[in-house]
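Please work from the sequences and hints to get the whole structure.
Using the numbering used here, read the sequence shown as starting at 445 and increasing by one per residue.
Any given hint could turn out to be false.
Unchecked claim - Mimicking DSSO-like on lysine-lysine, the simulated pairs with C-alpha atoms at most 30 Å apart in a straight line are:
#1 Lys492 to Lys540
#2 Lys492 to Lys560
#3 Lys545 to Lys492
To be verified - Quick list of simulated restraints, FRET-style, between CB atoms:
#4 Asp506 to Glu562: 20 to 26 Å
#5 Pro626 to Glu562: 34 to 40 Å
#6 Ser563 to Leu514: 25 to 31 Å
#7 Asn599 to Asp506: 28 to 34 Å
#8 Asp642 to Asn533: 36 to 42 Å
#9 Pro532 to Ile622: 26 to 32 Å
#10 Ile591 to Leu514: 28 to 34 Å
#11 Asp569 to Ala489: 22 to 28 Å
#12 Asp509 to Asn599: 35 to 41 Å
#13 Leu536 to Asn600: 21 to 27 Å
#14 Val484 to Ala559: 32 to 38 Å
#15 Ser563 to Asp509: 19 to 25 Å
#16 Ser476 to Gly566: 30 to 36 Å
#17 Arg518 to Glu651: 30 to 36 Å
These aren't lab readings, by the way, just hints derived from the structure by calculation.
All C-beta atoms, glycine included, are put in the ideal place defined by N, C-alpha and C.
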Amino acid sequence: MARVKICGLSEPITMKAALDAGADMVGLVFFSKSPRNVNVEQAAALAKMAKGKAAVVALVVDADDKLLELITKRVRPDYFQAHGNETPNRVLEIGKLTGVKVIKAIAVREASDVAKAESYHGQADLILFDAKAPDTLKDALPGGNGISFDWALLNNIKGQFMLSGGLSPENVAVAIVITGAPIVDVSSGVETAPGIKDATLIRKFIEQAKRNS
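Below you can see the structure in the form of structure tokens.
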């Protein structure tokens, strides 16, 4: 059975919906350009709701030490998700600085992108494969763009990893079958507009991910 992460939660009502539906992980975004961005105070309150029910993931993009330390102290996440251009050494530094496990997001468009994950083995605690935004996509975000990649590129990936990028209640079951992903991650696929999570879509996504895996 696949585990499910609902990312980009920013309101108590949808955090509760995700937890009630059985989310295994919940993501809080610390990136000012994202419509899902939360400040530390908001995140601390949301993380408190999730404690003991789901793992809390703090998504950061090339964050400096000051921000990482602040999030660690106030939010106390179970994971940091490094979703920028963090090098293997930086990923290792984040873990040592904060004492928190680190997920490294790898942007994928072709096989060579998947291969880049190898350099993070031993540095990151978990790898997340997300879709690389097209060069023509204006104002593309590091994640949450609602686009997918060729899932067959992950056919030879073994062990624990996360799959993200363009997932929805309609396609998550197929994605799990093709990739064998033990953990799936969704953000825009359970929204009615950028940053606006929908409780019904969250529930449907989790049901499909867990029922068909």
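Checklist entry - Lying within 28 to 34 Å: is that true of the beta-carbon distance Ile591 to Leu514? => result 31 Å, holds
Item to check | Asp506 paired with Glu562, Cβ distance criterion 20 to 26 Å | outcome: Distance hint for Asp506, Glu562 holds at roughly 21 Å.
Checklist entry - CB of Ser476 to CB of Gly566, is that within 30 to 36 Å? => result This hint holds: roughly 31 Å between Cβ atoms.
Checklist entry - Does the Cβ-Cβ separation between Ser563 and Leu514 fall within 25 to 31 Å? => result 28 Å, holds
Checklist entry - Taking 26 to 32 Å as the hint, is the beta-carbon distance of Pro532 and Ile622 inside that range? => result 28 Å, holds
Item to check | Range hint 22 to 28 Å (beta carbons of Asp569 and Ala489) holds or violated | outcome: 26 Å, holds
Checklist entry - Okay, Arg518 versus Glu651 on CB: inside 30 to 36 Å? => result For Arg518 and Glu651 the Cβ distance comes to about 33 Å; the hint holds.
Checklist entry - Is the hinted range of 21 to 27 Å satisfied by the C-beta distance from Leu536 to Asn600? => result Hint holds: Cβ distance 25 Å, inside 21 to 27 Å.
Checklist entry - How does the Cβ-Cβ distance of Ser563 and Asp509 compare with 19 to 25 Å: does it lie in that range? => result 22 Å, holds
Checklist entry - Is the gap between the beta carbons of Pro626 and Glu562 within 34 to 40 Å? => result At roughly 19 Å between Cβ atoms, Glu562 and Pro626 fall outside 34 to 40 Å, so the hint is violated.
Next on the checklist: The hint says 35 to 41 Å between Asp509 and Asn599; measuring C-beta to C-beta, is that right?
Outcome noted: 38 Å, holds
Checklist entry - CA of Lys545 to CA of Lys492, is that 30 Å or under? => result Cα-Cα ~18 Å, so holds.
Consistency note: the structure conflicts with the earlier hints numbered 2, 5.
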